[in-house]
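> As they're listed, the protein sequences go chains A and B. So the first sequence is residues 71 to 396, counted in the numbering used here. So the second sequence is residues 71 to 396, counted in the numbering used here.
What the hints contain is simulated information worked out from the structure, not anything from laboratory work. Treat the hints with caution; some may be incorrect.
Said to hold, decoys possible - Simulated crosslink set (DSSO-like; lysine-lysine; CA at most 27 angstroms straight-line):
1) Lys78/B to Lys288/A
2) Lys273/B to Lys273/A
3) Lys302/A to Lys288/A
4) Lys292/A to Lys302/B
5) Lys292/A to Lys78/B
6) Lys292/B to Lys292/A
7) Lys114/B to Lys288/A
8) Lys288/A to Lys302/B
9) Lys302/A to Lys288/B
10) Lys78/A to Lys114/A
11) Lys273/B to Lys302/A
12) Lys329/A to Lys292/A
Quick caveat: nothing in here was measured; it's all calculated off a predicted structure.
Protein chains: 2
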Amino acid sequence: MDIEDLAKRVKAGERRALSRAITLVESGRADHREQAVALLEALKDGAGGAMRIGLSGTPGVGKSTFIEAFGMFLVNRGLRVAVLAVDPSSARSGGSILGDKTRMEQLSRHPDAFIRPSPSQSHLGGVARRTREAAAICEAAGFDVVLIETVGVGQSETMVAEMSDLFLLLLAPAGGDELQGVKRGIMEIADIILVNKADGDLKATATRTCADYSGALKLLRKRPQDPEGYPKAMTVSAVTQDGLEDAWEAMVALSDWRKETGHWEARRAAQARHWFNDHLRAGLLARLEEDPAIRDLVRRRGEEVEAGTISPTAAADEVLDALRGA
Amino acid sequence: MDIEDLAKRVKAGERRALSRAITLVESGRADHREQAVALLEALKDGAGGAMRIGLSGTPGVGKSTFIEAFGMFLVNRGLRVAVLAVDPSSARSGGSILGDKTRMEQLSRHPDAFIRPSPSQSHLGGVARRTREAAAICEAAGFDVVLIETVGVGQSETMVAEMSDLFLLLLAPAGGDELQGVKRGIMEIADIILVNKADGDLKATATRTCADYSGALKLLRKRPQDPEGYPKAMTVSAVTQDGLEDAWEAMVALSDWRKETGHWEARRAAQARHWFNDHLRAGLLARLEEDPAIRDLVRRRGEEVEAGTISPTAAADEVLDALRGA
């Protein structure tokens with residue numbers, strides 16, 4: 071494969087080249103991996119042009135409908151939108167949220183939109199690393215907005231936040247004391263909470279829910295990367311499209327403020343450093359898997375550690391010694 | 071050093087042996103490390119007898135006074151209490167919270183109490199690993215309660231939670247909307263929030279603060295390891311000792327419930343697995359530091375990654391290749 075040519079065509083915005091480039095970084099084959107690294111190197115100058123938006127929301131909150139509505143809102147303003155996903159739960163079934171595409175009928179057919187399901191990898195870290203690379207490719211391909219959604223399994227939100235410039239949390243309206251349990255930790259990384267379904271019978275409930283979360287956000291310590299009034303909670307309706315414009319303006323205002331104050335660039339630099347360390351760590355840990363004898367030793371000692379028949383320290387030392395000898 | 075003899079004397083509750091054992095695990099010397107591993111192996115049967123309580127609270131909240139009062143409350147009930155600390159901020163100054171001992175005058179002199187300052191290590195992970203090992207030694211030495219405090223710098227609370235059976239968050243009373251910003255993430259790991267200084271002029275404010283946090287806790291999703299009513303917020307006064315008995319009863323009730331339901335043992339097993347993985351990871355990552363040429367390469371490529379002149383993937387691959395060749 072001519073990587074230089076592929077990079078050129080990605081930069082020119084060729085759709086087929088884009089798909090092919092992402093398929094390349096998603097591949098587990100060693101020779102593909104080498105080409106993927108070369109491709110990412112060739113595209114690295116394209117970084118920094120897009121607004122990368124992380125989006126989380128539990129099933130039932132209307133995430134696909136929201137992405138369809140928000141995506142159409144953006145392309146109708148002349149913006150090019152890529153939608154990626156980090157979904158470890160679909161990993162085993164080989165990227166099952168392809169189904170989302172059919173639920174985003176208009177957006178998936180729009181020439182300025184590009185929708186790509188979650189890569190299928192055996193574990194969350196791998197899924198996240200590949201999606202981070204796909205986002206870099208989309209950015210180099212000139213997309214204005216790269217929307218990265220996650221279903222919020224395990225640490226997936228934290229990982230998506232590490233590849234996003236800002237992070238949205240989509241919630242459904244809920245009444246009074248029955249406020250939905252927000253996953254612990256997620257409120258910390260959300261920049262904007264969007265209470266969806268603020269229409270029809272649910273409008274009043276959505277407004278109350280929004281006020282409740284506004285109150286809860288005030289309990290959290292102010293982060294240096296936030297201007298006055300952020301993180302904030304807002305209502306939206308994917309059906310009537312009420313609030314979409316306000317939400318987008320809040321995102322642009324936040325993004326502009328962070329760019330002016332240097333927080334945006336600092337975050338990008340810190341994220342690049344994070345992924346460098348993450349790749350290093352993953353590469354080192356992969357050595358525990360390469361040799362079957364080591365793999366077996368890790369498994370056996372791990373079970374003994376859980377059972378309390380060997381101390382964690384002694385078990386780790388033994389594996390490290392074996393690895394050095396291997 | 072006769073490790074078998076040292077282990078025997080630690081188990082017999084000899085104070086000097088205990089101090090010496092902890093000094094051994096805190097040492098960075100390679101020969102000491104080997105002995106420390108042997109010691110921890112020899113003491114591993116003593117695990118599971120203590121209630122290990124993590125405690126976090128920002129400066130000014132009265133943490134030392136609380137530990138003095140709570141520790142005295144426990145020893146007066148015939149319980150043996152060890153106090154350890156994870157304080158990365160004191161690491162550079164070589165364990166500066168020795169000063170705490172003088173602020174815990176009664177407790178530090180009590181024969182059933184043992185206070186040990188934070189180990190001095192260059193980074194949080196090292197401090198945490200050594201403190202986890204010190205806690206295991208205290209448990210083997212027959213202490214009923216091992217209190218592990220942290221000032222809450224960086225990820226220190228999460229690390230302390232990984233070596234505790236339950237986690238307390240100590241807060242000061244605060245009025246109305248000026249509720250102190252609780253560090254993001256800490257509410258997730260707290261089992262019991264204690265609003266301190268519920269005495270004199272501050273009593274009413276403390277009660278209101280407690281109610282506010284009770285409300286905020288309800289916004290979080292219920293965790294499987296919690297019985298009805300947990301996590302909970304309560305008021306205490308280290309000065310009048312009001313609430314100490316209720317707080318202790320809440321800890322015992324939580325601990326008993328978790329033991330009955332199997333959550334306690336499952337958490338211990340998961341924690342042992344966590345520290346096994348942590349030691350493995352730390353040992354592998356240490357290889358990035360061992361060879362000066364590799365160390366220099368990591369530093370240079372890391373800077374380039376932040377500046378955007380090389381992609382994180384390519385930079386990591388280069389280091390991993392160099393390491394394999396080294």
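> Measure nothing beyond the straight line between the CA atoms of Lys302/A and Lys288/B; if it is 27 angstroms or shorter, mark the hint as holding.
Distance ~20 angstroms between Lys302/A and Lys288/B Cα, so the pair holds.
> With a cut-off of 27 angstroms on the C-alpha distance, tell me whether Lys114/B and Lys288/A pass.
Judged against 27 angstroms, a Cα distance of about 45 angstroms means the pair is violated.
> Does Lys292/A pair with Lys302/B here, judged by a C-alpha cut-off of 27 angstroms?
24 angstroms, holds
> Do the alpha carbons of Lys292/B and Lys292/A lie within 27 angstroms of each other, as the hint requires?
25 angstroms, holds
> Given the hinted pair Lys78/A and Lys114/A, is their alpha-carbon gap at most 27 angstroms?
Distance of about 12 angstroms is within 27 angstroms: holds.
> Is Lys78/B close enough to Lys288/A, meaning Cα to Cα at most 27 angstroms?
Violated, because 53 angstroms separates the two Cα atoms, which is more than 27 angstroms.
> Straight-line Cα separation of Lys273/B and Lys273/A no greater than 27 angstroms?
40 angstroms, violated
> What's the verdict on Lys288/A and Lys302/B, does the C-alpha distance respect the 27 angstroms limit or exceed it?
20 angstroms, holds
> Quick one, are Lys302/A and Lys288/A close enough, alpha carbons at most 27 angstroms?
Since the Cα atoms of Lys302/A and Lys288/A sit roughly 9 angstroms apart, the hinted pair holds (cutoff 27 angstroms).
> Regarding the pair Lys329/A and Lys292/A, is the alpha-carbon distance no greater than 27 angstroms?
18 angstroms, holds
> CA of Lys273/B to CA of Lys302/A, is that 27 angstroms or under?
With a Cα-Cα distance of about 32 angstroms, the restraint between Lys273/B and Lys302/A is violated, given a limit of 27 angstroms.
> Run the distance test for Lys292/A versus Lys78/B: straight-line Cα separation, threshold 27 angstroms.
With Cα atoms ~51 angstroms apart, Lys292/A and Lys78/B exceed 27 angstroms; violated.
Checked against the numbered hints above, the structure violates hints 1, 2, 5, 7, 11; every other hint is satisfied.
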